[in-house]
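Chemist: This is what each chain is made of:
Protein chains: 2
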Amino acid sequence: MKLAIIGIGLIGGSFAKDVKRLHPETEVYGIDANDEHLNKALDLGLIDAKATYQDLQFADMVLVAIPVDVLVDEMPKILDAIGENTVVFDTGSTKALICKSLENHPKRRNFLASHPIAGTEFSGPEAAIENLYNGKTNIICEVEKTAFKLQEKALQLFQELGMRIRYMNAEAHDKHIAYVSHLSHISSFMLGKTVIEKEKNERDIFDMAGSGFESTVRLAKSSPAMWAPIFEQNKENVIETLTEYIHNLEDFKKMIENEDFKGVYDEMNNTNKIKQILNGIPLTK
Amino acid sequence: MKLAIIGIGLIGGSFAKDVKRLHPETEVYGIDANDEHLNKALDLGLIDAKATYQDLQFADMVLVAIPVDVLVDEMPKILDAIGENTVVFDTGSTKALICKSLENHPKRRNFLASHPIAGTEFSGPEAAIENLYNGKTNIICEVEKTAFKLQEKALQLFQELGMRIRYMNAEAHDKHIAYVSHLSHISSFMLGKTVIEKEKNERDIFDMAGSGFESTVRLAKSSPAMWAPIFEQNKENVIETLTEYIHNLEDFKKMIENEDFKGVYDEMNNTNKIKQILNGIPLTK
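From first to last, the protein sequence lines are chains R and D. Take the first sequence: its position 67, counted from the start at 1, is 66 in numbering that gives the first Met the number 0, and no numbers get skipped. Take the second sequence: its position 98, counted from the start at 1, is 97 in numbering that gives the first Met the number 0, and no numbers get skipped.
Think of the hints as simulated: they come from the structure by calculation, not from any bench. Some clues are possibly wrong.
Identical copies look the same in the list; a pair holds intra-copy or inter-copy alike.
To be verified - Cross-link-like lysine to aspartate or glutamate pairs, in silico, EDC-like; alpha carbons within 16 angstroms at most:
{"#": "1", "residue 1": "Lys-49", "residue 2": "Glu-35"}
{"#": "2", "residue 1": "Lys-261", "residue 2": "Glu-26"}
{"#": "3", "residue 1": "Lys-274", "residue 2": "Glu-196"}
{"#": "4", "residue 1": "Lys-174", "residue 2": "Asp-206"}
{"#": "5", "residue 1": "Lys-261", "residue 2": "Glu-231"}
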């Protein structure tokens, strides 16, 4: 199999690692706007050779793992360049705009809109790790718009990588992902900001930070070049989640101001059920 | 050595584990309002026997690891009950009120105000783990008010457990810990609440939650019985941190509404330096 990876960072590089392990005969070609990344990916053995869009006509499969703003610009050109039987899929954290922007492309049936819910707070080819996708969910949007034979090829590989497949329409994806992913990133970035602003002149204070703070602020290490365009494309949903989050924080603050610590207790007690939810146990209510 | 542990949960139980490993000859006595916890602690070998306040006169060292509201009520009685050469230390996440409430106690010099920055989101004796304290910071307040010989005994044990000792006054402790610990808990609880409220009828949505959400919402599994009294005792500081956090979230939301995605990028980019801070690298600015 000839696999082209456009954007050879954490997401693309980790994919390459697993595919090479599962199918050692695969030839992996890398395309990246950043030549240093390409060289590193070669050194690390993530890719076998550098390539250009002109080479895409020979690829069986193309993975596109680039920031979502660049994705919208590049995907039409990528589809123009591929062969008849090439399947192309993306990994973007927003799905509505990319699906909309490709709806009339003559090669729409070669594209599979996908969002593997996998990642770490790190980026670049050195951040690539094995088994990143194992046990993770891959959300596929508008599957019916992709040629059946091509869907099959991509989905089979996703399953070999250990992913669970879920189907969803692009609007529903963007709405829900705003809650379970985009909001977490903002809450974490703003937590980091609040603490840095306050404590910038008292560096020793970070000695006081325990594993709780580290866990909650982890996502504030994420790449701004990746996340700013996500918030832009998913603006309406992100604003909605942020409004509700701020409202809940205001209520909690008011309870503390009013010394309603029974209310504070109840709020936390009700939210404790996140334990069951994250363990996949259905709620009774 | 005779060690009494009052409150035999995650914090007390983990302490018992390490002390027993380091000093196998230690006799560990447990006191807990919850008899089930005591029985479990016995079964798990965290303690050697149950005890009462009347036994405290024979203890060399007393660790008190109970919610901070109960702590303020119980500590005077505990100090009344101990022997002349017993050192008592607490583990509470607030320090100003406990120090204030004991300032005139005749046995004030037997008390060491301490806050080991260690824990997990779990609670109870089953949650006790080895090496919880290794590499963690222990903040000691008003050290000068504790008899020197007794400080020495406790601090030496903390160091054997692998802890770094930091000295701070109680008011500064409460102010800074609001930023690096208490605020993280609220941001996490409210994130959990926001997502549960929105998604309660759509359980499948949690399939979409990745490791980022899990990390950010982890602290929402914490014990409300422990945390409500912390927010009560540290009310002023917590309100201040929450006000600043909400303000930063409002600003970020406004930037998204105004489509100022350069600003959004810059905010995140500036906050990325949390990486260096958490790695203990001093900031240039």
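Chemist: Take the hints in turn and mark each one as holding or not.
Modeler: Evaluation of the provided hints:
{"no.": "1", "hint": "Lys-49 / Glu-35", "in the structure": "within (11 angstroms within a copy, 64 angstroms between copies)"}
{"no.": "2", "hint": "Lys-261 / Glu-26", "in the structure": "neither (62 angstroms within a copy, 38 angstroms between copies)"}
{"no.": "3", "hint": "Lys-274 / Glu-196", "in the structure": "between (32 angstroms within a copy, 15 angstroms between copies)"}
{"no.": "4", "hint": "Lys-174 / Asp-206", "in the structure": "between (38 angstroms within a copy, 14 angstroms between copies)"}
{"no.": "5", "hint": "Lys-261 / Glu-231", "in the structure": "between (39 angstroms within a copy, 10 angstroms between copies)"}
The structure shown violates just one earlier hint, number 2.
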